[in-house]
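The sequence shown maps to residues 20 to 204 in the numbering used here.
Keep in mind that a hint or two might mislead.
[Said to hold, decoys possible] Straight-line C-alpha distance at most 30 Å; calculated DSSO-like pairs for lysine-lysine: (1) Lys89 - Lys54; (2) Lys114 - Lys124; (3) Lys124 - Lys54.
Hint data in this document are derived by calculation from the structure and do not stem from the laboratory.
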Amino acid sequence: NQTRHRLRQSWYDALDGAQAHFRTLLTSHSSSEWKRIPLANEVRSPSKGKSRALGVPELTDVIVHRRASKTGDNIYRAVLEVPVGDGPVSLGAWKSVLITPELRKEWDPAVEGAQLLEMFDQATRISKVNFTLGWPAKSVTLIFSMTLLQHICSPRDAVTISRTFNDATTLIDISTSLPRSPDEP
């Protein structure tokens, strides 16, 4: 079906665009355009006790930077270095958590729930994400194969396409909202 092919191609184009944008952000990581944002609880002294002794990261360990885009929107970068010790590290568990939409609510406080809609290939997936109330998500309604999502999206829902890249030392998961279908009512 030609319409379905054009729709899928627009999805891949959106993901390719997000991936290209991510690459430009990576190449500018040391640019002076990135301004450090102090977190509210950075003024407190680091917590002491068992969790710090075990090396469990806390919010104060996250370093946040902000950069204005050409459109005037802000882009945020959050970095958390996790101590892993001297032994070999497997990113398999991290990858499993990141690529399983149903687990997103466990690590993303802005998400109320998520579900996998379709796997394009081993690295690319379509998910529906339901954000918590108050999240400033734009209304996204998409007709997925002209049936599935027509009636289930609300202003705090998003349909995303994601692709995961990894090797032995790096894990990157890129997601972006799907563009609206030109056939959408």
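Structure-based check of all given hints:
1. Lys89 - Lys54: holds (16 Å)
2. Lys114 - Lys124: With Cα atoms ~15 Å apart, Lys114 and Lys124 stay inside 30 Å; holds.
3. Lys124 - Lys54: Given that 30 Å is the threshold and the Cα spacing comes to 28 Å, the pair holds.
In summary, the structure agrees with every hint in the numbered list given earlier.
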